[in-house]
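Here the protein sequences come in this chain order: B and C.
Take any residue in the first sequence, note its place counting from 1, add 15, and you have its number in the working numbering.
Take any residue in the second sequence, note its place counting from 1, add 342, and you have its number in the working numbering.
There's no promise every hint is true.
What the hints assert, rightly or not - Some chain B residues near chain C, calculated using beta-carbon distances under 7 Å:
#1 Pro80
#2 Gly108
#3 Pro152
No wet-lab data here; the hints were simulated from the structure.
Since the model is a prediction, treat every value here as computed from it, not as a measurement.
Note that the Cβ used here is the ideal one computed from N, Cα and C, for glycine as well.
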Amino acid sequence: MARFGMVIDTSKCIGCMDCVAACKTENDVPDGFCRDWIVTEVTGVFPDLSMEIRSERCNMCDNPPCVHCCPTGASHVSDFGKLVQINADMCIGCKACLAACPYGARYTHPDGYADKCTFCDHRLKVGQDPACVAVCPTHCMHFGDLDDPNSEVTELLNSRESKTLLPEAGTEPRVHFLTDKAKQ
Amino acid sequence: MREYTTTNTNPLVDLSHEVWGWEIPVYLFLGGLVAGMMIISGYFFLSGRWRNRDSSSYVLPALSLVLLSAGMLALFLDLEHKLYVWRLYLTFEVTSPMSWGSWILLLVYPVLIASLLLALPAALRERSPSLAKLSDRIQARPSTVRSIGALNIALGIMVGIYTGILLSALGARPLWSSALLGPLFLVSGVSTAAALVDLVAKDHAERDLVSRADIGLMITELLFIALFLIGLMNTSKVHQEAAGLLLGGPFTAVFWVLVVGLGLLVPIVIQTLTATHRIRHTVVAPVLVLVGGLVFRIVMVSAGQLTHWTPM
Numbered sequence: 016m017a018r019f020g021m022v023i024d025t026s027k028c029i030g031c032m033d034c035v036a037a038c039k040t041e042n043d044v045p046d047g048f049c050r051d052w053i054v055t056e057v058t059g060v061f062p063d064l065s066m067e068i069r070s071e072r073c074n075m076c077d078n079p080p081c082v083h084c085c086p087t088g089a090s091h092v093s094d095f096g097k098l099v100q101i102n103a104d105m106c107i108g109c110k111a112c113l114a115a116c117p118y119g120a121r122y123t124h125p126d127g128y129a130d131k132c133t134f135c136d137h138r139l140k141v142g143q144d145p146a147c148v149a150v151c152p153t154h155c156m157h158f159g160d161l162d163d164p165n166s167e168v169t170e171l172l173n174s175r176e177s178k179t180l181l182p183e184a185g186t187e188p189r190v191h192f193l194t195d196k197a198k199q
Numbered sequence: 343m344r345e346y347t348t349t350n351t352n353p354l355v356d357l358s359h360e361v362w363g364w365e366i367p368v369y370l371f372l373g374g375l376v377a378g379m380m381i382i383s384g385y386f387f388l389s390g391r392w393r394n395r396d397s398s399s400y401v402l403p404a405l406s407l408v409l410l411s412a413g414m415l416a417l418f419l420d421l422e423h424k425l426y427v428w429r430l431y432l433t434f435e436v437t438s439p440m441s442w443g444s445w446i447l448l449l450v451y452p453v454l455i456a457s458l459l460l461a462l463p464a465a466l467r468e469r470s471p472s473l474a475k476l477s478d479r480i481q482a483r484p485s486t487v488r489s490i491g492a493l494n495i496a497l498g499i500m501v502g503i504y505t506g507i508l509l510s511a512l513g514a515r516p517l518w519s520s521a522l523l524g525p526l527f528l529v530s531g532v533s534t535a536a537a538l539v540d541l542v543a544k545d546h547a548e549r550d551l552v553s554r555a556d557i558g559l560m561i562t563e564l565l566f567i568a569l570f571l572i573g574l575m576n577t578s579k580v581h582q583e584a585a586g587l588l589l590g591g592p593f594t595a596v597f598w599v600l601v602v603g604l605g606l607l608v609p610i611v612i613q614t615l616t617a618t619h620r621i622r623h624t625v626v627a628p629v630l631v632l633v634g635g636l637v638f639r640i641v642m643v644s645a646g647q648l649t650h651w652t653p654m
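Just chain C, with the same shape it has in the complex:
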């Protein structure tokens, strides 16, 4: 038997301490979503789909700007020393994923604005002839279009991986001690983005394309989740106890029902039936994927903070 008594008045010194609330999971969700949207719109630019005026390429950059800014606002709200936020941009700390992330996000904005100008929404095109003229000039240069497409994909992959590495770099929380979180959060982000494109797409061929792609993405995500849990179960005692939070512990029901069941398995079945024309396309599957993606991040951030190196 072992009994610990800690005599202190510091709520953060007790054996479990949560430092991050709702802001961080919301930010990770929106960051992953925007990362996925950049990868998808980058593909649309490279493949020439953007030439179709009904393509989501004309919606995604503006939507990305709004959602990314909302995510950055959530991140900012989480900061305790808000007026010092500019300190992020006076240095580059090579070992800090947050430092990488803040610089990468700074590069994302100009690329999103370039994408917006390239695929200028009709409303803006009508209102501003000068923007329309600029857009026409960009569109007339295939090499610029290709560069914008490639930059979208490259930065999208970086942001998507960063949202997972941000957690896995914090080795004191055993649930996050897995390099698989990078690819897992990336795939999950692209999957939620595919679901969002599924919702906003006007062009049926494009909607079918992303909903089919999402089946593969969700299966890959399930595989990564399995590998992640297998990895933890085969590491040390504290990692096994961390995995136990999702395998019988307090997060089991929400994880397996909302994230894996309703967020992945059910949408896989629905999208497969839709793809084989056995049922009509509805908004159910993409909405479930989006909600599942958000709940996944809430579970990972909340459960991870309950795990620690001292045996529970």
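The following block holds chain B by itself, in its conformation from the complex:
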């Protein structure tokens, strides 16, 4: 069974927010909320500055704290693609998963249940990429099976330097960010 992940090239991302708009449209995300968002990180001291732009979302962690703390099993790892998903009909809205996620990827849907990025699993099941990946005008986002040694995402991770967000939190994220360098 596949273990889906995302590889995002920070050297190509221009922060246009097409991914955010596509997600809101595709998933009918309620007003005031979003499942993906853009972070611009500027480091250094003028004039020696560098900027990294990242499209962020649920990291579909291999060690997901949101699933471990869920009292009803609503947050679970799906058989399909080993994705962290939420069964809204089982969620009681206790918000433990919101408190447990170090990425702030979850929010309470106005209807009362916890909600977040699903990697557009309804699109994956018909062979399409997630909406954010599909619309990206700079093609900075790549999606595929991290367990397949021949997939595009695995090859990118093998050939380029990459990082995950807050690896020290121990969550083992499956959204990887390519930095600007080729692997030594």
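We have chain B; now place chain C onto it with these hints.
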């Protein structure tokens, strides 16, 4: 220098996000209080103190039922998907403290009702001869009394620890990343319960017993608070910053004045002076302990939610 700009319209994605309001600290306070009351009334059942008709054993079970139900109501009010609450009882999630807690609380009610029947308050005894008869039958069986006492203590310890572990299982909030929260919340819960028994006790010997015990409990709580902060200060940068909220940060005054000062140190002095018969017993110390216990939980829940893994 490092500057983050997050472009989103999700209030919960920003670097600090509070998901729990007043309901959770109130629930943790009442849960801890009831846990402590169960441990104390369990001890009274095992030690034979319940045979004294003036014992608080005749008050604690009913009071526990009321306070626990109030706490559960607060918990229920916090839920965003209220009509689905029954989903808690269709599964047991071994890694989720909330799942453990919801099942343990389900066991607490029958034990509290059994305790109520064993130590039936005089008002109920007069009104219902059948309940009085049932109570007499339970009282006539020493092994049943012992079992009810032991169950009270065992479940009280579980509930008390659970109120702390509930927070410490959420590793994304560095202030809560300490297994010491379990014993700390347990001791604090028993301490607030001792203060409540101090307030409601009719029997002077019993009141002296719990107020003396509370001195030891409060000293133990101070020790756990010190260990908790030392532990955070010796962990990673984000844990040090989390401890900083209580050590110079925005929660410093309320924590050290209301929780440690007025909630623990002052009551320790008052109860010690009372125990050595240098001042008269008043309600001041137990009331301070109860208020301190509630403020402690408000501080821990509010401050914890401001802490996160991204450097502040």
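For each hint, the structure was consulted:
For Pro80(B), the interface hint holds, since its Cβ comes within 7 Å of a Cβ in chain C; the closest pair sits about 6 Å apart. A hinted interface residue such as Gly108(B) counts as satisfied when its beta carbon comes closer than 7 Å to some beta carbon of chain C; here the least separation is about 3 Å, so the hint holds. Because the closest C-beta pair between Pro152(B) and chain C is about 16 Å apart, greater than 7 Å, the hint is violated.
The structure fails hint 3 only (numbered hints given earlier).
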